[in-house]
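From first to last, the protein sequence lines stand for chains A and B. When you line the first sequence up against the numbering used here, it's residues 1 to 249, in that order. When you line the second sequence up against the numbering used here, it's residues 1 to 412, in that order.
To be clear, the hints were calculated from the coordinates, so they are not data collected in a lab. Every residue gets a Cβ at the ideal spot worked out from N, C-alpha and C, and that includes glycine. It is possible that some hints are incorrect.
[As the list claims (entries may be wrong)] Chain B residues, not near chain A, derived (Cβ > 12 Å throughout):
no.: 1; residue: Val3
no.: 2; residue: His57
no.: 3; residue: Ala83
no.: 4; residue: Pro96
no.: 5; residue: Glu103
no.: 6; residue: Trp162
no.: 7; residue: His224
no.: 8; residue: Pro226
no.: 9; residue: Val274
no.: 10; residue: Leu291
no.: 11; residue: Leu293
no.: 12; residue: Arg331
no.: 13; residue: Ala371
no.: 14; residue: Leu374
no.: 15; residue: Arg375
[Claimed, not checked] A partial selection of chain A residues facing chain B, derived with a Cβ cut-off under 7 Å:
no.: 16; residue: Val15
no.: 17; residue: Ala124
no.: 18; residue: Leu126
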Amino acid sequence: MTDDFVAPFALDDSVPLVSPSGDRARNLEELRGAIERASERSLFWHVAGGQRREPWCDELPPDDFSAWVATAVQDRVTAERLSFAVQSQRGSPGALRAGLLEALGRVRERQRIARAAPDGGDLALLTFESVEVPTGLLAHDPAGLEAALAEADAGAWFHHVVEQPWLGADGPRLHDWLRARGASALAAWLTELAGSGLPLETMRRRLLQRMRRRELRRRVSDASPHADGERRQAERAAVAGLVRRLRRP
Amino acid sequence: MQVAVPAAGPSLIDGYRAETGDAAIRMLEALARRLRGHRIAMVSSTDTGGGVAEILHRLLRLLNELGVPATWEVMSGDPRFHAITKKIHNALHGWPAALEPEERDYFHEVSARAARELALDADLLLVHDPHPVALAGLRRRPGQRWVWRCHVDLSRALPEVWGFLEPNVARHDAAVFSHVAFAPPLPLPSYLVPPSIDPMSDKNRDLDDEEQDALLSRFQLPAHRPWISQISRFDRVKDPLGVIEAFLLVRRRVDAHLVLAGGSADDDPEGAEVLAEVRARAGPREDISILPLAPDAHRAINALQRRSAVVVQKSLREGFALTVTEALWKRRAVVASAVGGIPLQVVHERTGLLSRSIEGCAFQVTRLLRAPELRRRLGQAGREHVRENFLHTREARDYLAIFARLLEGRNG
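Input sequences plus hints: build the corresponding full structure.
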């Protein structure tokens with residue numbers, strides 16, 4: 001392990017400072033060009049920024065590209081294809097860009113120019129930078145990191161679970177730190193969770209559920225050498241506890 | 001002039017914690033620690049009336065409570081200067097206006113006087129709107145950071161007037177806009193920071209029924225009809241005449257009462273003229289109340305918004321429209337124009353309803369008056385949307401992050 005991975009993992013919150021990227025699109029053809037030119041940060045913010053803006057919602061609004069094509073350009077079919085590309089290509093900037101361009105490429109060039117937003121309805125592209133803010137939460141091992149994440153706010157989730165794996169980071173990344181500590185399964189689970197595009201609070205609840213399921217298995221397993229009656233009692237207690245916790249808002 | 005920021009009274013931080021939770025406060029405290037040892041100054045044209053002054057009063061107190069020493073300097077001007085800046089303001093919104101050479105000279109003359117009189121000695125100065133925009137070029141000292149905070153929608157700015165301001169803006173280290181559509185291309189970093197409201201201010205805090213009754217009794221508004229209100233400065237860009245037209249269409253189908261209430265900011269000489277036009281259009285109708293309010297009538301505005309069945313903001317141009325934020329925070333059903341920063345707040349059919357015409361406004365208002373459950377659903381979603389994105393804690397967070405970014409990276 002390098003020094004980065006020997007040290008405890010410090011969980012940071014982050015403030016996204018959003019800026020205009022300088023690029024604009026008035027029609028599907030210009031959107032195609034803008035997506036080709038967009039930085040990875042810009043692409044990321046347009047598909048994942050909603051997670052940061054509305055961490056508590058039950059269902060996220062659509063990504064900025066699909067929303068603009070559906071409402072300003074009024075091309076519902078292309079909007080659906082873009083939504084699907086975002087949903088299925090969240091893994092990496094390259095795959096996402098290719099998916100978006102492929103969706104737009106299914107419209108002929110003349111049509112792409114013709115399908116335009118009304119005056120004043122341009123899509124102005126954005127980008128962002130993260131200002132990191134220490135949370136004071138330090139993890140010494142994977143279980144500690146799991147517990148810290150369960151406590152952490154939406155900003156920390158966004159930064160470590162969603163943003164850093166996508167865009168890379170200067171310091172040690174959460175997933176790499178977990179792998180270096182032998183917790184590859186947790187790292188893979190978090191990667192899959194980030195790829196789901198769920199609201200951040202839903203992700204946090206899923207982590208809590210995962211931790212509780214593991215706790216339930218441990219308690220049941222601890223009770224197994226005991227008599228059937230004791231084991232059933234332990235199982236019932238564990239299930240009742242889980243139900244109580246899951247009912248909490 | 002330096003504005004005194006009262007430090008007494010209940011802690012803002014404790015109050016915000018109750019509204020936003022610990023996390024937002026911990027974030028502010030952590031950012032404030034990064035700024036330890038630096039002084040911040042706000043610079044604006046007035047400390048009374050208008051959304052900017054309201055924000056600054058609370059923001060300054062919050063920054064000081066967080067341990068970030070912050071002061072507020074007001075660049076005073078005479079009626080001639082305010083008439084020129086009003087012209088600039090209108091031109092930035094796209095209304096025809098031309099700046100005469102002598103007006104440009106006078107703008108620079110007043111700016112030079114202010115540059116001599118104001119302290120302007122903080123490590124970072126956040127300069128609000130066009131009035132003090134020339135100060136950065138006149139008073140910058142080495143190591144200082146100057147940030148221009150534009151609250152105006154510049155998307156339709158007249159090129160000749162923007163061309164007059166732009167060289168002054170370019171002397172700042174960064175610019176901040178409320179919405180991407182408002183931000184022109186600039187040779188400096190531009191950040192997007194939507195403004196915000198204070199949930200604990202007199203204008204936004206909870207009021208019980210008794211307090212509302214007491215505050216509203218002097219207006220003699222009918223209790224038996226639902227109120228449609230627009231509470232906004234009497235300014236042409238707020239389209240109060242358009243609101244009356246929409247109301248007259250609504251009244252063909254639904255019983256309702258229109259309340260047009262608002263004050264006029266110190267730096268807006270057109271307010272009285274527009275108010276007279278509105279009174280003339282309303283005529284003797286008993287179902288329209290026009291209520292000019294004093295700049296400090298915050299609790300009355302609060303009560304009016306809370307008692308309204310529908311809050312309208314039928315602006316033709318907008319910076320951000322904090323009146324919309326206030327109404328959403330109070331769980332009101334809102335019908336607003338899709339201009340400026342309003343669509344950031346009113347997500348159509350999710351947190352409120354957008355309209356683009358007098359007829360559209362009338363249609364949505366009528367729809368809401370007939371659907372109490374829709375009003376309730378939109379109102380609740382609007383409240384949560386504001387809690388997450390448009391309270392002072394979020395704006396303070398963004399500013400602190402920008403300050404940290406600029407001050408930590410300075411080298412002269």
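Going down the list of hints, with the structure as the test:
no.: 1; hint: Val3; in the structure: holds, 27 Å
no.: 2; hint: His57; in the structure: holds, 23 Å
no.: 3; hint: Ala83; in the structure: holds, 29 Å
no.: 4; hint: Pro96; in the structure: holds, 19 Å
no.: 5; hint: Glu103; in the structure: holds, 29 Å
no.: 6; hint: Trp162; in the structure: holds, 16 Å
no.: 7; hint: His224; in the structure: holds, 38 Å
no.: 8; hint: Pro226; in the structure: holds, 30 Å
no.: 9; hint: Val274; in the structure: holds, 25 Å
no.: 10; hint: Leu291; in the structure: holds, 33 Å
no.: 11; hint: Leu293; in the structure: holds, 32 Å
no.: 12; hint: Arg331; in the structure: holds, 17 Å
no.: 13; hint: Ala371; in the structure: holds, 22 Å
no.: 14; hint: Leu374; in the structure: holds, 18 Å
no.: 15; hint: Arg375; in the structure: holds, 20 Å
no.: 16; hint: Val15; in the structure: holds, 4 Å
no.: 17; hint: Ala124; in the structure: holds, 4 Å
no.: 18; hint: Leu126; in the structure: holds, 6 Å
Violated hints for the displayed structure: none, as all numbered hints are satisfied.
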